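Asks: The whole structure should be built from the sequences, with the hints applied where relevant.
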Amino acid sequence: MKDGVNGVALGVFIFFFVAVTVMGFLAARWRRAETEHTLDEWGLGGRSFGTWITWFLLGGDLYTAYTFVAVPAAIYAAGASGFFAVPYTILVYPLIFTFLPRLWSVSHRHGYVTTSDFVRGRFGSRGLSLAVALTGILATMPYIALQLVGIQAVLDVMGVGGGESTNWFVKDLPLLIAFGVLAAYTYSSGLRAPALIAFVKDTLIYIVIAVAIIYIPIKLGGFGHIFAAAGEKYASTGVGSVVPAPAGQWTYATLALGSALALFMYPHSITATLSSRSREVIRRNTTILPLYSLMLGLLALLGFMAIAAGVKVTNGQLAIPQLFEDMFPSWFAGVAFAAIGIGALVPAAIMSIAAANLFTRNIYRDFIRPDATPAQETRVSKIVSLLVKVGALVFVLTMDKTVAINFQLLGGIWILQTFPALVGGLFTRWFHRWALLAGWAVGMVYGTLAAYGVASPTQKHFGGSAKEIPGIGEIGYIGLTAFVLNVVVTVVLTVVLRALKAPDGVDETSPEDYTVDAGDRGVQADLPSAASGAGH
Amino acid sequence: MSETPEVRPPVVTPVRVVIGVCLLAPFVAMLWVGSYAKTDPTFIGIPFFYWYQMLWVLISTALTMLAYKLWKRDRAGRGGADGKGAAR
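In the order they appear, the protein sequences are chains B and R.
Heads up: the first sequence is residues 656 to 1191, going by our numbering.
Heads up: the second sequence is residues 4 to 91, going by our numbering.
No lab work stands behind these hints: they were computed from the structure.
Computed from a predicted model, the values in this text were never measured in an experiment.
Hints may be right or wrong, so weigh each one.
The list that follows gives simulated cross-link-like pairs (lysine to any residue, SDA-like), each with its CA atoms no further than 25 Å apart [as the list claims (entries may be wrong)]:
id: 1; chain 1: R; residue 1: Lys75; chain 2: B; residue 2: Val1139
id: 2; chain 1: R; residue 1: Lys41; chain 2: B; residue 2: Val898
id: 3; chain 1: B; residue 1: Lys1115; chain 2: B; residue 2: Thr969
id: 4; chain 1: B; residue 1: Lys1056; chain 2: B; residue 2: Glu935
id: 5; chain 1: R; residue 1: Lys75; chain 2: B; residue 2: Gly705
id: 6; chain 1: B; residue 1: Lys888; chain 2: R; residue 2: Lys72
id: 7; chain 1: R; residue 1: Lys41; chain 2: B; residue 2: Val894
id: 8; chain 1: R; residue 1: Lys75; chain 2: B; residue 2: Thr753
id: 9; chain 1: B; residue 1: Lys874; chain 2: R; residue 2: Lys75
id: 10; chain 1: B; residue 1: Lys1056; chain 2: B; residue 2: Leu789
id: 11; chain 1: B; residue 1: Lys1056; chain 2: B; residue 2: Leu828
id: 12; chain 1: B; residue 1: Lys874; chain 2: B; residue 2: Gln977
id: 13; chain 1: R; residue 1: Lys75; chain 2: B; residue 2: Pro1166
id: 14; chain 1: B; residue 1: Lys967; chain 2: R; residue 2: Gly48
id: 15; chain 1: B; residue 1: Lys874; chain 2: R; residue 2: Thr42
id: 16; chain 1: B; residue 1: Lys1115; chain 2: B; residue 2: Val1058
id: 17; chain 1: R; residue 1: Lys41; chain 2: B; residue 2: Gly876
id: 18; chain 1: R; residue 1: Lys41; chain 2: B; residue 2: Ile1130
id: 19; chain 1: R; residue 1: Lys41; chain 2: R; residue 2: Phe30
id: 20; chain 1: R; residue 1: Lys41; chain 2: B; residue 2: Ile868
id: 21; chain 1: R; residue 1: Lys72; chain 2: B; residue 2: Leu750
id: 22; chain 1: B; residue 1: Lys1037; chain 2: B; residue 2: Asp1055
id: 23; chain 1: B; residue 1: Lys1056; chain 2: B; residue 2: Gly1128
id: 24; chain 1: R; residue 1: Lys41; chain 2: B; residue 2: Gly877
id: 25; chain 1: B; residue 1: Lys1122; chain 2: R; residue 2: Phe30
id: 26; chain 1: R; residue 1: Lys75; chain 2: B; residue 2: Lys1056
Replies: Put into structure tokens, the structure is as follows:
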């Protein structure tokens, strides 16, 4: 598998990498505003992005390098069950169509930068806001770490880094360089850097997928042959199948639904959303973003192709990079690797910005320095974005890869527990803040314990994200079960607390805040002062 | 909290029902896994299970687009009642 360094591929990879690095630094000057040192500028790109930039940014943000590596890897390992990513991304868009524009409007009206900002403003509860912020940061960290895993897989197949080199420093040097560069331009350019780089990333990805989906099946003798080969492999190993068995269908559906509900709870999704110029941009984007789902579906099929092409890897994550190396001429393999590598940088940058914003707004400003100026906020955010990345790097370098994957799995379960406070809050003020907090806690505890108890052939704990649903008896996604539990607790406690007349927090929003659009009175004009936090 | 305008068109209208159906349909189709967990008919060698779901990417996109268009028309027809004081 490791047959030395692939010089041509590496050369092409480095070329693209240098190109996006230059872009990343130049991005600081792109669409620059007068008021530079505010979180709106650094952390949300001045809230100025139009339909297409938002499309590239969200696409670059949601369809990460890890997705590109992990989804086909899951198919390679177990077949149909890995394809749930496709219905999952189908369901996301009709879902966000209903609530994301409301979040955009209220955030613009009140200068909210994070979801926790909204929760605090809506429910007048710093505790609930802190819970949402901590959940967001916790869920994002391992996600960043997994982006590094994606880069590592590519470097590994190219023959640099990773592997069995004796010296740890030499071994990890390529990864360290990649991350040093990423950290530097995120620090200097903020959200503008990933927004600009996302163009390159997605263009490369679309080219690679288009070529792969036509070229590889021709070389392998057509899809009929590919699926036949895959079927034989699953039958002989006894793991997986080409079409899900009836027993696996609940798991498939609950994973799709739960993941769809969770996706836009992640801080990085919200950061990309709030950076858009208007409410219309978001609604329009829900109609063009599915293009990425189509690409993801095609990409997933590569997992079957890897089987048919006879790719044999012990680490499933290497299946797709290895397939590219085996099938493509070296130079094009280099393009494909660059697509994955850059595909890791964009989301990693956005995620670290999002986590940093959460820390700054909802921990630093709410609990440590309530009178922080916008310039201070920006500085803290920049530094935290660095720390978050260093943390992720340490995570990947010192711990086993499975730890990052386990935590990411947990992260998905956790982040889903913020749904009732956020989406519920966007539509109604009926839920009581304490009930929401209790529901969140129950969901978190149940989800964590349930995931801990899942064993797999290779792991004693955190062996998967599906478990028997209590009361139904089918195997379902733990996150969704925890979510249902969370909602039940929230509703019951709200009824109780309302009956007891427990003090309701102050709601600083009003109904019309949820439907305003750019250009309306009070939306643009209010921004600078609201963002400075003077109003709170 | 309660600044409801005095005269308000009904909340549930046929157009809104259609919008709701457009947005709900993908959920029914995709979560009913049993309806598509089969191999035949295949399309250029791809089992039904896979091409059917990819087809739904396109169907749900079309439905969301339709919902978007209807929603825009609905809002315009209400003279900005949805977005109070919305710039038209």
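Asks: Next step is simple, just say for each hint if it's right about the structure.
Replies: Comparing the hints with the structure gives:
Our distance criterion of 25 Å between C-alpha atoms is broken by R/Lys75 and B/Val1139, whose separation comes to about 33 Å. For the hint pairing R/Lys41 with B/Val898, the CA-to-CA distance comes to about 6 Å; that is within 25 Å, so the pair holds. For the proposed pair B/Lys1115 and B/Thr969, the alpha carbon gap of about 20 Å is at most 25 Å, so the pair holds. Between the alpha carbons of B/Lys1056 and B/Glu935 the distance comes to roughly 41 Å, so the proposed pair goes past 25 Å and is violated.
Taking the CA atoms of R/Lys75 and B/Gly705, the gap is about 18 Å. The hint holds against a cut of 25 Å. Between B/Lys888 and R/Lys72 the CA atoms are separated by roughly 47 Å; this puts the pair beyond 25 Å, and the hint is violated. Of the supplied pair hints, the one linking R/Lys41 and B/Val894 holds, its CA atoms being roughly 18 Å apart against a limit of 25 Å. Proposed proximity of R/Lys75 and B/Thr753 is supported: the alpha carbons are some 13 Å apart, at most 25 Å.
Restraint check for B/Lys874 and R/Lys75: not satisfied, since their Cα atoms lie roughly 47 Å apart, outside the 25 Å limit. For the proposed pair B/Lys1056 and B/Leu789, the alpha carbon gap of about 23 Å is at most 25 Å, so the pair holds. With a CA separation close to 18 Å, the supplied pair B/Lys1056 and B/Leu828 stays within the 25 Å bound. For the given pair, B/Lys874 sits about 16 Å from B/Gln977 by alpha-carbon distance, which is consistent with the 25 Å threshold.
With a CA separation close to 20 Å, the supplied pair R/Lys75 and B/Pro1166 stays within the 25 Å bound. Distance restraint check for B/Lys967 and R/Gly48: the Cα-Cα separation of roughly 23 Å lies within the 25 Å cut-off, and the hinted pair is therefore satisfied. Taking the CA atoms of B/Lys874 and R/Thr42, the gap is near 23 Å; set against the 25 Å cutoff, the hint holds. The suggested pairing of B/Lys1115 with B/Val1058 holds, with an alpha-carbon distance near 13 Å, which does not exceed 25 Å.
Taking the CA atoms of R/Lys41 and B/Gly876, the gap is about 23 Å. The hint holds against a cut of 25 Å. Restraint check for R/Lys41 and B/Ile1130: the C-alpha separation of about 20 Å stays at or below 25 Å, so the hint holds. Annotation: proposed proximity of R/Lys41 to R/Phe30 holds, straight-line Cα distance about 19 Å (limit 25 Å). For the suggested pair R/Lys41 and B/Ile868, the alpha carbons sit about 22 Å apart, so the restraint of at most 25 Å is met.
For the proposed pair R/Lys72 and B/Leu750, the alpha carbon gap of about 16 Å is at most 25 Å, so the pair holds. Distance restraint check for B/Lys1037 and B/Asp1055: the Cα-Cα separation of roughly 28 Å exceeds the 25 Å cut-off, and the hinted pair is therefore not satisfied. Between B/Lys1056 and B/Gly1128 the CA atoms are separated by roughly 32 Å; this puts the pair beyond 25 Å, and the hint is violated. For the hint linking R/Lys41 to B/Gly877, the alpha-carbon distance of about 20 Å falls within 25 Å, and the restraint holds.
About 22 Å separates the Cα atoms of B/Lys1122 and R/Phe30, which keeps this hinted pair within 25 Å; it holds. The straight-line distance between the Cα atoms of R/Lys75 and B/Lys1056 is roughly 47 Å, outside the 25 Å bound, and the hint therefore fails.
This entry does not satisfy hints 1, 4, 6, 9, 22, 23, 26, going by the numbered hints stated previously.
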